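> The primary structure of each chain is shown beneath.
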Amino acid sequence: MQYEIIIAGFGGQGVLSAGRLLAYAGMIEGKNVSWLPSYGPEMRGGTANCHVIISDDEVGSPIINHADIAICMNLPSFEKFEKLVKDDGFILADSSMIEPLKLASSHKKHHDINATERAFELGNKAYANIFILGKLLAVTKMLTPESIEQALYKVLPPKKHNLIPIEMKALKTGMEN
Amino acid sequence: MGEKVLMKGNDVIAEASIRAGCKCYFGYPITPQTEISHYLAEALPKIGGVFLQAESEIAAINMVYGASSAGIRAMTSSSSPGISLKQEGISYIAGAEIPAVVVNVVRCGPGLGGILPGQCDYFQATKGGGHGDYHNIVLAPNSVQELYELTVRCFNLADKYRMCAMLMADGSLGQMMEAVEFREIEDIEAIDKPWATNGMGTRGHSNYISSVNVNPDELEKLNQRLQAKYREVTKNEIMYEEVNCDNADIMVVSYGTTSRIIKNVIKDARKMGINVGLFRPISLWPFPYDELGKHASHVKAFLSVELSAGQMIDDVRLSVNGKKNCYFYGRTGGNIPSQKEILDEIVKILEKEDR
Chain A
1 MQYEIIIAGF
11 GGQGVLSAGR
21 LLAYAGMIEG
31 KNVSWLPSYG
41 PEMRGGTANC
51 HVIISDDEVG
61 SPIINHADIA
71 ICMNLPSFEK
81 FEKLVKDDGF
91 ILADSSMIEP
101 LKLASSHKKH
111 HDINATERAF
121 ELGNKAYANI
131 FILGKLLAVT
141 KMLTPESIEQ
151 ALYKVLPPKK
161 HNLIPIEMKA
171 LKTGMEN
Chain B
178 MGEKVLMKGN
188 DVIAEASIRA
198 GCKCYFGYPI
208 TPQTEISHYL
218 AEALPKIGGV
228 FLQAESEIAA
238 INMVYGASSA
248 GIRAMTSSSS
258 PGISLKQEGI
268 SYIAGAEIPA
278 VVVNVVRCGP
288 GLGGILPGQC
298 DYFQATKGGG
308 HGDYHNIVLA
318 PNSVQELYEL
328 TVRCFNLADK
338 YRMCAMLMAD
348 GSLGQMMEAV
358 EFREIEDIEA
368 IDKPWATNGM
378 GTRGHSNYIS
388 SVNVNPDELE
398 KLNQRLQAKY
408 REVTKNEIMY
418 EEVNCDNADI
428 MVVSYGTTSR
438 IIKNVIKDAR
448 KMGINVGLFR
458 PISLWPFPYD
468 ELGKHASHVK
478 AFLSVELSAG
488 QMIDDVRLSV
498 NGKKNCYFYG
508 RTGGNIPSQK
518 EILDEIVKIL
528 EKEDR
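Protein chains in written order, with our numbering: chain A, 1 to 177; chain B, 178 to 532.
Accuracy of the hints is not assured; some may be wrong.
Far from chain A, some chain B residues (derived; all Cβ distances over 12 Å) [what the hints assert, rightly or not]: (1) Gln264; (2) Glu274; (3) Pro371; (4) Asn392; (5) Val410.
Here are a few chain A residues that sit away from chain B, every Cβ distance over 10 Å (derived from the structure) [claimed, not checked]: (6) Leu36; (7) Glu58; (8) Asn65; (9) Leu75; (10) Pro76; (11) Pro100; (12) Ser105; (13) Lys108; (14) Asp112; (15) Glu117; (16) Asn124; (17) Val139; (18) Thr140; (19) Lys154; (20) Met168; (21) Lys169.
Within a straight-line C-alpha distance of at most 27 Å, the following computed DSSO-like cross-link-like pairs (lysine-lysine) qualify [claimed, not checked]: (22) B/Lys304 to B/Lys448; (23) A/Lys125 to A/Lys80; (24) B/Lys181 to A/Lys141; (25) A/Lys109 to A/Lys125; (26) B/Lys304 to B/Lys406; (27) B/Lys517 to A/Lys86; (28) B/Lys304 to B/Lys398; (29) B/Lys500 to B/Lys471; (30) B/Lys444 to B/Lys412; (31) B/Lys444 to A/Lys83; (32) A/Lys86 to B/Lys444; (33) A/Lys80 to A/Lys108; (34) A/Lys108 to B/Lys444; (35) A/Lys80 to B/Lys500; (36) A/Lys160 to B/Lys181; (37) B/Lys501 to B/Lys412; (38) A/Lys108 to A/Lys172; (39) B/Lys517 to A/Lys83; (40) B/Lys501 to B/Lys529.
Source of the hints: derived by calculation from the structure; they are not laboratory data. Note that the coordinates shown come from a computational prediction; the quantities given were computed from them, not determined experimentally. In this text, a Cβ means the ideal position worked out from N, Cα and C, and glycines have one as well.
Based on the provided sequences and hints, a complete structural model is requested.
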């Protein structure tokens, strides 16, 4: 099994961190993983993205031409990456950030989650990324929430470990959403 | 088995240098390799080493020259335009016969170019770069695990042969994260350096290191010694990987990030009934001419795929020596060829060859 996932959004929405979490959790489960960030001359307000591959086999190219899954956290990302999703793949879209009409007009399969709004309810829009990861786990069963929790301890600096319970709450709410 | 950790390529190069016994790092920041400096600024002082952000790339390479002359393992890193600035120092290091490790996380050029990945410094790395009859050992990893292993190897080879060893990665490798295991790969032994200018002690004579020599016969003798050394390196230190080569219709030659794209192309091609082989030079200098050339007996053609306008293709042609046609496909400017582009090229070449 191999998942090729593109995660994209505004800088600051935690798209690179979400990718690192997935990759770390994949590694914890014994999979081969790669994480490649966009590092071009990105602008404030532009899109950042990362390519994450989680595979039972050796990872070939870390660059994704056609994604199984695109997580789009804003409209520019949706417009840019929708066309790169395979016909049998799907999009996870933050419907708090993307106009419903745009989502409705897409020919690709998409799951719409109002992640940013729900994150606000949990106290901080910064939880939107992990909320949407919860949905990813619920739809694909690709990784367990326990691996994400272990990965959080690796990815977050120790001074932020006190936030892990609320991160996990966001993940689980996302899974049930 | 050690623990696997998920790390960024640049951080792994830095960690590898520390594990290889590097005590001095001199550098000047440039994308896409600045994380190396960042990591070592924190890590080297903790082990009693020296981290110094030099005033320029030229200063940094000459500081390596100095530290290395004193017998200390030293490294500098940069990306393409910065490596151009270091060429004079690298030539001096070759002439003075001292070890040095230089890391080039290649971006796209020419000029200041862009910050996206490239392989357009192949000529510079393998065919000179600086002035004079000299070579650097050039190793090209294609995974984060190899960034660790080959960085350590660069230090060992530099000490063993008293010459500059260059690690040549590209922007993607520097920026990507993969699992790495810091396993014991080869002895990181302290090689005796009786030539070092580190104080006479009980030696009874003083050492002198320089690359200036105005006596023609003595300078010729140095050149002959260097060439003998390069022959020795060529005999002992060639590295390469072969994938699916035995029954290949076409042999793709590729290194670094592009070689990983070819691994995907091999799978796609198989579905179409095409057998694609991958020959991946790991040591770009010394280049595996004979090892690649022997495949001319059974493949229809060779294809060099590079993030350049066609540089390694020259060495592919020298390997094949006219026995088969050698083709080139590459992208520049920081663009990376897709699997489909490469596969289309392969189909086109095979149609032409079968005609």
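> Hints first: check each against the structure and report whether it holds.
Hints versus structure:
| no. | hint | result |
| --- | --- | --- |
| 1 | Gln264 | holds (26 Å) |
| 2 | Glu274 | holds (38 Å) |
| 3 | Pro371 | holds (45 Å) |
| 4 | Asn392 | holds (50 Å) |
| 5 | Val410 | holds (30 Å) |
| 6 | Leu36 | violated (4 Å) |
| 7 | Glu58 | violated (7 Å) |
| 8 | Asn65 | violated (5 Å) |
| 9 | Leu75 | holds (25 Å) |
| 10 | Pro76 | holds (20 Å) |
| 11 | Pro100 | holds (33 Å) |
| 12 | Ser105 | holds (27 Å) |
| 13 | Lys108 | holds (19 Å) |
| 14 | Asp112 | holds (29 Å) |
| 15 | Glu117 | holds (31 Å) |
| 16 | Asn124 | holds (25 Å) |
| 17 | Val139 | holds (24 Å) |
| 18 | Thr140 | holds (20 Å) |
| 19 | Lys154 | violated (7 Å) |
| 20 | Met168 | holds (20 Å) |
| 21 | Lys169 | holds (24 Å) |
| 22 | B/Lys304 to B/Lys448 | violated (39 Å) |
| 23 | A/Lys125 to A/Lys80 | holds (23 Å) |
| 24 | B/Lys181 to A/Lys141 | holds (23 Å) |
| 25 | A/Lys109 to A/Lys125 | holds (26 Å) |
| 26 | B/Lys304 to B/Lys406 | holds (16 Å) |
| 27 | B/Lys517 to A/Lys86 | holds (14 Å) |
| 28 | B/Lys304 to B/Lys398 | holds (22 Å) |
| 29 | B/Lys500 to B/Lys471 | holds (10 Å) |
| 30 | B/Lys444 to B/Lys412 | violated (34 Å) |
| 31 | B/Lys444 to A/Lys83 | holds (23 Å) |
| 32 | A/Lys86 to B/Lys444 | holds (17 Å) |
| 33 | A/Lys80 to A/Lys108 | holds (13 Å) |
| 34 | A/Lys108 to B/Lys444 | holds (26 Å) |
| 35 | A/Lys80 to B/Lys500 | violated (46 Å) |
| 36 | A/Lys160 to B/Lys181 | holds (23 Å) |
| 37 | B/Lys501 to B/Lys412 | holds (25 Å) |
| 38 | A/Lys108 to A/Lys172 | holds (26 Å) |
| 39 | B/Lys517 to A/Lys83 | holds (16 Å) |
| 40 | B/Lys501 to B/Lys529 | holds (13 Å) |
Of the numbered hints stated above, those contradicted by the structure are hints 6, 7, 8, 19, 22, 30 and 35, listed in ascending order.
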